[in-house]
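Residue numbering for the first sequence follows my numbering, beginning at 17 and increasing consecutively.
Hints should not be assumed to be uniformly reliable.
[Unchecked claim] Here are the in silico distance ranges between beta carbons for each label pair:
#1 S574 / E21: 24 to 30 Å
#2 S588 / E42: 38 to 44 Å
#3 S100 / G130: 25 to 31 Å
#4 R30 / D129: 42 to 48 Å
#5 E587 / Q551: 37 to 43 Å
#6 G426 / F50: 35 to 41 Å
#7 R459 / P239: 34 to 40 Å
#8 E587 / R282: 48 to 54 Å
#9 K307 / E433: 39 to 45 Å
#10 G426 / Y265: 24 to 30 Å
[Claimed, not checked] Pairs of lysine to aspartate or glutamate, EDC-like flavour, derived with a Cα cap of 16 Å:
#11 K464 / E418
#12 K514 / E617
#13 K393 / E365
#14 K464 / E226
#15 K206 / E180
#16 K496 / D478
Hints are computed from structural coordinates only; laboratory data are not their basis. By construction, the Cβ of each residue, glycine as well, lies at the ideal position given by its N, Cα and C atoms.
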Amino acid sequence: MFEKEQQSIEAKIRDFCAANDIPQVELKWMPIPFSGEWGISTSFFATAAAEAKAGKSKGIPVPARAQEIAEAAKNALGLQPGISRGEAVKGYLNLYFSTAEYARRVVETVLADGEKFGAGHPKNERVMVEYAQPNTHHSFHIGHYRNTILGEALARIVEFAGFETIRASYPGDLGLGVITVLWAYEKFYKGQEPADIHERGQWLLKIYAEATNLLSEKEGKTPAEKAQREAYDAERREMYRKWDAGDEYVRQLWLETREWSMQELRDILEMMDVKIDVWFFESEVDEPSKKIVEELIARGIAEDERPTGPVIVKIDEKLGLAKEKYRVAVILRSDGTSLYLTKDLALAEQKFDEYHVDRSVYVVDNRQSLHFQQAFKILELWGFKQAEKCYHLAYGFVSLPEGAMSARRGRVVLFKEVYDEAIQRVLATIAEKNPNMPEGERRGVAQKIGMGALAYSMLSVDNNKDMVFDINEALSFDGKTGPYIQNAVVRANSILRKSGIDIRASNTRNFDYQLTNHEIELIEQMSRFPAVVQQAAEEYRPLLVAAYAYDLATAFHSFYHAVPVLQADDESVRAARLQLVASARQALTNALRLLAVSAPEVM
RNA sequence: GCUCCCGUAGCUCAAUGGACAGAGCGACAGCCUUCUAAGCUGUGGGUUGUGGGUUCGAAUCCCGCCGGGGGCGCCA
Numbered sequence: 017m018f019e020k021e022q023q024s025i026e027a028k029i030r031d032f033c034a035a036n037d038i039p040q041v042e043l044k045w046m047p048i049p050f051s052g053e054w055g056i057s058t059s060f061f062a063t064a065a066a067e068a069k070a071g072k073s074k075g076i077p078v079p080a081r082a083q084e085i086a087e088a089a090k091n092a093l094g095l096q097p098g099i100s101r102g103e104a105v106k107g108y109l110n111l112y113f114s115t116a117e118y119a120r121r122v123v124e125t126v127l128a129d130g131e132k133f134g135a136g137h138p139k140n141e142r143v144m145v146e147y148a149q150p151n152t153h154h155s156f157h158i159g160h161y162r163n164t165i166l167g168e169a170l171a172r173i174v175e176f177a178g179f180e181t182i183r184a185s186y187p188g189d190l191g192l193g194v195i196t197v198l199w200a201y202e203k204f205y206k207g208q209e210p211a212d213i214h215e216r217g218q219w220l221l222k223i224y225a226e227a228t229n230l231l232s233e234k235e236g237k238t239p240a241e242k243a244q245r246e247a248y249d250a251e252r253r254e255m256y257r258k259w260d261a262g263d264e265y266v267r268q269l270w271l272e273t274r275e276w277s278m279q280e281l282r283d284i285l286e287m288m289d290v291k292i293d294v295w296f297f298e299s300e301v302d303e304p305s306k307k308i309v310e311e312l313i314a315r316g317i318a319e320d321e322r323p324t325g326p327v328i329v330k331i332d333e334k335l336g337l338a339k340e341k342y343r344v345a346v347i348l349r350s351d352g353t354s355l356y357l358t359k360d361l362a363l364a365e366q367k368f369d370e371y372h373v374d375r376s377v378y379v380v381d382n383r384q385s386l387h388f389q390q391a392f393k394i395l396e397l398w399g400f401k402q403a404e405k406c407y408h409l410a411y412g413f414v415s416l417p418e419g420a421m422s423a424r425r426g427r428v429v430l431f432k433e434v435y436d437e438a439i440q441r442v443l444a445t446i447a448e449k450n451p452n453m454p455e456g457e458r459r460g461v462a463q464k465i466g467m468g469a470l471a472y473s474m475l476s477v478d479n480n481k482d483m484v485f486d487i488n489e490a491l492s493f494d495g496k497t498g499p500y501i502q503n504a505v506v507r508a509n510s511i512l513r514k515s516g517i518d519i520r521a522s523n524t525r526n527f528d529y530q531l532t533n534h535e536i537e538l539i540e541q542m543s544r545f546p547a548v549v550q551q552a553a554e555e556y557r558p559l560l561v562a563a564y565a566y567d568l569a570t571a572f573h574s575f576y577h578a579v580p581v582l583q584a585d586d587e588s589v590r591a592a593r594l595q596l597v598a599s600a601r602q603a604l605t606n607a608l609r610l611l612a613v614s615a616p617e618v619m
């Protein structure tokens, strides 16, 4: 927020270096890492080191010389506008901002920009974020939730940072798992489906687990049981064949059951406040993907071993690599049906050609790293230039204390179960902490708090880290959690409500009084937000926003506790602090919004 | 065998080339006749797995080793 001053000072330092025969090195600015006062800081170690390399050091050690330069630069700068004082310490040049001026500027910016505070300038670039890729004919579990909340937060951050953003979902509605459910439903359960959207989704999952059990080979079976299993498997294969051939009955059955899964998915996305722009289905890229395979064969990139083998691409060999890295990829089964990898080739093409995106981000767990490396390399070999604009954002998968989740074994923690449990726990907490809250408000508040806790527990861990899902940790309302941050907003709301003034109408923004350390820290945190947004967008890391929101909330809670606002003795101090509270609420709300979390009015 | 990810306080995690490595949980001690105690304040806790290297400066970058997890021809 002091960019102009910073640039002017930097220019003056360059002049100073030029005048004194000191090498010019790019200066890196950062906030002074001590609380109590704010300003910007840069060091001269790189400058001194460059000087030493040029043979002009006169034998002075780098740290000592850096300190010398810092002092000389300080003296050369003299008094600068907006800067109250400078100091040279340990090789760093620290420039302190004029307190009242800086405070006024930050608060004014936040209030003027409102819900856009922190947003970046338009970047003139279109980014597609693909996430929310659960398989249909299953139910949405906590691993899908991590994927979806991560993708949604990323999309919001990238969009807020100034990129045009398209949210894409890619449900897996195809494959052996889907056919397995279809077969078992048709054979044993047709017409018995529950009416409730979520019960029905979970019921499909149960059918899947049961069917897989029937169809998997086991030791110690009687010949009759073995024959039965083989008969079932033959039926399933026949169903897959019929699907592939476009059999009307099977296709109809498939569409109907798929829609049950989609209803559940849409309902959950609505609970999460996720609005997908583009839906891709695996089944829709099935045909186009086979055309790409034909082309790859025709051009000698792929090798067709049918009918005795599949269609493969020897990627390492084509790239001339000595060590095995990308391996050999199978891109078509020997029976001519497509695979997951096949379809990702066509999908990538569609994303760039039909939606004209400049960049394509895939939010998919890190077990699929090789898959995406292969897909992108094959696209490259095919001559698809935008392959280099594809990026797999890998995140660590979610497991349970008892081990990996397994839909086949029915060992999963479903999102809906966790959601219901969250609501119950919040309602219990409200009953205990805020018994006066009207009954009619409780459900809505509980949804926001419960979802806030869940979202924050996922987003406050860096995406590349595996995670063991512990419901008690995920639904904790104390400490470094979503509710902690929401509570800061609620406390700000409370003060502003009781103040009885309209913040927008009031423009007393005079911070020309002795600010406490808590006010200074709070203002410092608010001023960081725009830079945090940019960094999070560049690095694809929602964690940075999550960590920031917590730091901002901590600054607010400390301020709230120690600094009287409504009770301030001086009328002008009271007015200024109300502005500060209003801007803190705005900054907190904006940061939470990027995490797909909203704060209730009261809690 | 090849390859990717991880290793930081008792536990869960931050800090991705800069000043004293920070939070939460757990433990202990305080703070509600004052704007919401889902809060605040304080105490204790570390050879950043390990050995080298690069650098003025390394948890961070490079190489080796140890330990944990994932992936590697017709699953998604």
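Against the structure, the hints:
Roughly 28 Å separates the CB atoms of S574 and E21, a value that falls within the hinted 24 to 30 Å. Distance hint for S588 and E42: a CB-CB separation of about 43 Å, consistent with the stated range 38 to 44 Å. At about 29 Å, the CB distance of S100 to G130 agrees with the hint of 25 to 31 Å. For R30 and D129, the hinted distance range of 42 to 48 Å is not satisfied, since their beta carbons lie about 32 Å from each other.
Distance hint check: the CB atoms of E587 and Q551 are about 40 Å apart, consistent with the given range 37 to 43 Å. Restraint check, G426 to F50: a C-beta distance of roughly 55 Å breaks the suggested window 35 to 41 Å. Separated by about 58 Å at the C-beta atoms, R459 and P239 break the suggested range of 34 to 40 Å. Separation of E587 from R282 is about 53 Å and conforms to the stated range, judged on CB atoms against 48 to 54 Å.
Restraint check, K307 to E433: a C-beta distance of roughly 42 Å satisfies the suggested window 39 to 45 Å. A beta carbon spacing of about 29 Å between G426 and Y265 agrees with the range 24 to 30 Å that was offered as a hint. As the CA atoms of K464 and E418 are separated by approximately 29 Å, the hinted pair breaks the 16 Å bound. Our distance criterion of 16 Å between C-alpha atoms is met by K514 and E617, whose separation comes to about 13 Å.
Restraint check: the Cα-Cα separation between K393 and E365 comes to about 13 Å, which is no more than 16 Å; the hinted pair holds. Between K464 and E226 the alpha-carbon distance is near 36 Å, which puts this suggested pair outside the 16 Å criterion. Distance restraint check for K206 and E180: the Cα-Cα separation of roughly 45 Å exceeds the 16 Å cut-off, and the hinted pair is therefore not satisfied. The hinted pair formed by K496 and D478 meets the criterion: a straight-line CA distance of about 15 Å does not exceed 16 Å.
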